[in-house]
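Mind assembling these two chains? They're in different frames, but the hints should get you there.
Letter by letter, the chains look like this.
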Amino acid sequence: MTSSPESLASAADPAAGAVELCRELVDDLSFGAVRRWKERHPGALAIGYMPIYVPRPLLDAIGCLPVALFGGGDQIEIIRGDSIFQSYICHIPRSVVELGLRGRLDALDGILFPSICDVVRNLSGVWKLLFPDRYSAYVDLPQNFDAALGGRFYLQEMRRIVRELGERGARPLDEDALRAAIIAENDRRAALARLDALRLAEPWRIPASEAYLVSRAGAVLPTAEHQALVEEYVAAAAERPVRVHDNVRVVVQGSFCEQPPLALILTLEKAGCYIVDDDFQLGLRTIEGAIEVAADEDPLAALARAFLERGAATASRYVDEGEKGAALIAKVRAAGADGVIFAAASFCDPALLDQPMMESALAAAGIPHTSFKFAENTGQFQTIREQAGAFSDSVKLWGTTV
Amino acid sequence: MSLQTVKNPHPPGPPLPKGEGGARRPPPAAKDASQERQKRMIAEHFQRLERAREEGRKVVYTFVPGNLTEIVGALGMLPVLPEINALQSGMRKKSAGYIAEAEKAGHSEDVCTYVKCDLGMLRSGNVGPTGTRLPEPDLLLLSYTGCFTFMKWFELLRQEYHCPVAMLHVPYQAEGKISPEMRQYVVDQLRDKVIPMMEGIAGRKLDLGELSRRLELSRRAEDDLVAVWESARHRPSPIDGYFGGVYYIGPIFSAFRGTEDAAAYYRELRQEVEARVARGEGPMTPDGPLAEERFRLVVEGPPNWTHFNDFWRMFSRESAVVVASTYTRVGGLYDTGFRHDGERPLESLAEYCLGCYTNLSLPARIDLLQRYVETYQADGFLINSVKSCNSFSAGQLIMLRELEKRTGVAGGFIESDLVDPRYFGKANIENRLQSFLQMLAARRERSYA
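Order-wise, the sequence lines are chains A and B.
Throughout, the working numbering is defined as the position within the first sequence, counted from one, plus 26.
Throughout, the working numbering is defined as the position within the second sequence, counted from one, plus 1128.
Here chain B stands alone, though its shape is the one from the complex (with noise of 0.2 Å):
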């Protein structure tokens, strides 16, 4: 779900590349050291999984939502995202021939195309971002947390690698709340099921201090990540909460929560947003650094990642800012309160997969919509409903229509997929985003009048 290995938006060095829109791209920007620390990060991730097997250390393939990557750390255990893989292929358009892939084997065009793409790649080697074929996991470890689609994914991976499943039912908020019974719950799965099947692939049991350190590491990553979402509340904001979110959530959402890694990227990222609204300085776009705040967006649903940066720079040339999103909440949701918590580990590990965006309501999504955009005080808030996501997408229309009601702000919808091209309509959602935002401009022009 969130980026692990992406490109650069801002690549070094003229001659210009054409962009994926054809328009010739302006000089970037140097790269800031946090985005140099997270692409080392998971470059030596990734050859850690390379050296996998030869130093015999376990894979977990698992999923974002409700991941329970400290544990799986504290075990020695490397960790794999086919949410991930998927989301990566997109970008490095190998999307399409992955999905072709898996529907010539009987994958109904319907269904969600992150599993397709995964099973596609599958089918074509598992060649991962570097290049290199990716370990089989030892342990599928599925959290099943916001999504249905999860717990067929990996009775589907299942079959093509033969290996132990640990499953963790996380119970839904249908009233938007964790009751007691549900917290419970999931420790009580956590401790004696989810917990002795990773020790029994690990072959050593669960060092609880050392899961309790990591759970510190996370909690202060999350008072970081945390800074800077709430950095948007300045003007100009001076960061993208949504397209330049997803670089932000790489670490967190994946392989890094809990280690020092990840809380020196997060220390290091809030200290150069913190530069930024020093300088007045909006945030960086696919073509170099955003002059001008025009409008103020909050944005529901997941991006599209076959065309990534078209897609964001239909917001970024118009000087639109994306201020708060939800996608970028969907593997933890820390800026209402919670925190991973070292001395209730258990406990807080259940309230985390409890606690992911799509394990809420909708009444609750609205909620949760509704104090970002008075927050950060955005002019209009976007839904991108993707057609691949039931979690994310059944229901959309009416938040859409909840939220114009609360709020008084206009609502736009947009519709594309995750991972199949054949679903992103350039012209048609351009045409879209355009007359939105020109409807925003008028409402203002209406407002000063």
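One chain only, chain A, in its complex shape (with noise of 0.2 Å):
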């Protein structure tokens, strides 16, 4: 067994400021961000959204905040929400919920709900009985991907989005503001780019426990922002005194919208992992590569491609063509990654079904894995800690799982 990264920066360390500030953001349930964005920008409007993935740009170009919502953690008590939803339905519902009642949600103007699952559709609903003064959307990502089809759809949905936050206060859409918002993103996911391939080189460098809390920061921040504070992190990170580990590289898989608390990556890491790709915060890695604009091409058209012919083989996803699993077989082997932990939401019914197929992929791949459930505020890792070290030394020690 191996000792623990170097994670969750000390003083010493050139990135510690960043960490902190991140984690602060991370931590922050009364969105004290957002509402310091508000003061600095009079009425304009701050919009939340649940995971998994809305157009940031869009609500950029039209003057908005886009506010990405991951629920309470580990950080709050379940009261209220457990009144609402039934012990067999996922987490992160309740917390949403327990957040809007105790008034947590107050900085935001509106949320999104997208189409990502029968929870979070139904989530939409709860929301409109519980809060029937505020606004309140749901956003049908089209499982048709012909642009004449599903595109077409996804423009008009957008459209309506701008229209109805126009009725709100938020700034028409402008071609060159959503042209220069896409931008923005392209470079802001350039630099999330950076910190990903820094960690695949190096993971001993960057843990993945900090590279969640650097990424998860921008759900709270200006575009821009993320991305100074992003490429900071990454400049620091590249500076920082390194101990390199007998660590297995491994890639964690199914996190879908619920996210593990922190201490649940940390873990695996402790346990003798390097976590050298993931799919946390599964939205930043919805469109695989920058949104493309041509420079006759009308943005919003732009937008609307990218999702149709850019989208990642999510659960949330109807994959219609190819092998269940094939895409993480590549992802495995373009991060020279050892093996697949499984790490799904309890009772997450997406993830949970695509996961027989991509361990079926993975088993003809000769690829080792691992699985096990977590619910956003688990807090026992014992369990956990020695199946991942488990599977960690059976990889070291013969290259698969026994």
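Honestly, I wouldn't trust all of these hints.
Chain B regions said to be covered by chain A (calculated; three or more residues, Cβ under 8 Å) [what the hints assert, rightly or not]:
# : region
1 : 1486-1492
2 : 1525-1535
Taking lysine-lysine and the DSS-like style, the derived pairs with C-alpha atoms no more than 27 Å apart in a straight line are [as the list claims (entries may be wrong)]:
# : chain 1 : residue 1 : chain 2 : residue 2
3 : B       : Lys1321   : A       : Lys350
4 : B       : Lys1232   : A       : Lys350
5 : A       : Lys350    : B       : Lys1186
6 : B       : Lys1554   : B       : Lys1221
In case anyone wonders, no lab produced these hints; they're calculated from the structure.
Beta carbons: idealized from backbone N, C-alpha and C, even for Gly.
Here it is as structure tokens:
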């Protein structure tokens, strides 16, 4: 067994400041950063959105602050949320409701619920019943990826959101503003890609737990501010002293929309795993690569095209071509990973129904894997640490699981 | 989702077998002509499926909500409905083994048990309710209406069968209405994607005249089905709109919508129900005709299939009648006015898909339940929340409170599952139901006082 990575930086670490700031932003369930942004932008709207994906540049372009909601994690006691969702429903809707009912989301002028699963779909209705005077909307992302069919419908959906937010004070959609917002988003994504690339090459330098915090800090920041923060962290991490451990390289897969507690990611690292790739905050990876806009192209059409043509094979997207699991195998190989850890939220139908297909594909490809479930407020990690440690040891000893 | 091949709840002739609950059944009533007709229709359908390969007929696996049975039929193809296979496996006490089989293969205990039951059945030889192996699909017709799990289900089946999938993405009625954009999106997919793909599999062009003819047959059946639902306004109600209702939806939710057989079945059923009204009779139950109607209930959520008759008896033995249910609208919501329309074939099919019950927003579902409570003068409403079905279950607790607030009528809440017997706690469910009914009785006494 190995010692833990140099995660969650110490004071002597040049990346410590950035990590600490990110942690504060992630831990702040009162969304202070959003409140401060609204003070700086009187009259502008802050629009929350549930995982997995909404087109953030669209919100940016009409002067809104997109705010990614990931529930309450392990930091909020659920009381009223539990009175709305049965025990066999996943955890994130109850913590989102809890945040709303406690006034923690009051800084938001509206919430978007993208079409990802039945629970989030129904949560959109629960929200309308609980908060009838607040704006909320369901965003039906197409499962038909033909530009003339799903593409046209998606354009109509985006225009509807623009129109509805316009009625509440957002700016009208302007092509130049959208083009600029897409460029800014691409810059941010490029910064995140550099973060991922450094983690992939030197995971001892960028633990997944830190990468998680740095990327998730973007949930409450304007695009350019987040990009700057990511770049600051990457530059600092490149300079930090490191110690290389004899860890296995793993890909973590399956978090879908509910996020594992940070302590769980740290637990995997302490169990001897370098998490070289993952699908936490899946929305960041929904579109592969940059959103390309031709010079003479309507940027809204470009946004739609990116979703249709460059959408990643996730559990929320219908995959009608190729074999399920092919994308995961490609990811494992690209990452030079030794194996895969499936970590899905309990009662998450999409992730858990996807998992056997992924496991079959991995088995056929001879890639070791193991799995466990979590809830966003999971507080006991000993079993997971033992399981991940055994997985790590067996991969190191035999190159496979037993 | 609906019931296709089911045992008659009143099997003929003594000596009386013990029921699921161990109670002796009273002498059953004779089968109605409609029951006999449905039985024959189902038997013939499975015979057609048995002969499908030798006769060169193509087989389409598809789902109940948002099904396109008229198109399937007009192209000469035969539908198989995996949800119905699963519920029948539940009724035949085979689902536990099938689910165990799927869980052994790596499927989580957390996920939809219809899916696991179907996969377990497939791994166990895919033997259908008539005891013969079901033909493999030539096409998986993924009508993605009201349930995300359908998408995963057919991704899983595609891996098993390696056959084409035709996906129809049906937008969600989040605002409780169908926008022109939503309708057009579905029509465009049908015209440009789904139908051409089905034609390619069938090896022939879709005859629009034949499609229109079938849609007119659907409309006739729908008119009669609505009359059956609305008969529950009478006191006593001549029907049980939940337990009895799942028999009534059998043909129209499955392979028979748009057929002469279905039109004849619903005409016959309507006449039988009207005759019961004329005679002042209550509904049939597993133990014979209901003699007294003490409680009129509206039920939200699917039934449990593994203990279906036990579950039904919990109601009927307390003289509780379900006057309306939402489960019986999951494969088509007709009593708010929608009808298939041969003059607008694709448009009306799109509206059908968009209008299925679980494709409605939570507020719209509450509106419908409120309407049922008021229209059918229910004494109470009950939610059977099933662990397997997030589409139905997520949000039902707030539906309960909202409906109580709007109607002043008391709501009850029980939990079970579709086809996993591990989640049917008989004593617990019975206790809750009896407490609920006692509360309704106490309320009634107080109101009389």
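Item to check | Outcome, coverage of the region 1525-1535 of chain B by chain A - at least 3 residues whose beta-carbon is closer than 8 Å to one in that chain | outcome: Since three or more residues must qualify, the claim that chain A covers the region 1525-1535 of chain B holds, with 3 doing so at under 8 Å.
Checklist entry - Are the Cα atoms of A/Lys350 and B/Lys1186 separated by 27 Å or less? => result Holds. A/Lys350 to B/Lys1186 sits at ~26 Å (cutoff 27 Å).
Checklist entry - Between B/Lys1321 and A/Lys350, is the straight-line Cα distance small enough, at 27 Å or below? => result holds, 22 Å
Next on the checklist: For the region 1486-1492 of chain B, count the residues whose Cβ lies under 8 Å from any Cβ of chain A; is that count three or more?
Outcome noted: holds (count 3)
Checklist entry - Given the hint that B/Lys1232 pairs with A/Lys350, does the C-alpha gap stay at or below 27 Å? => result This hinted pair holds, its Cα atoms lying about 20 Å apart.
Next on the checklist: Can you confirm whether the C-alpha distance between B/Lys1554 and B/Lys1221 stays at or below 27 Å?
Outcome noted: holds, 16 Å
The structure is consistent with each of the numbered hints, conforming to all of them.
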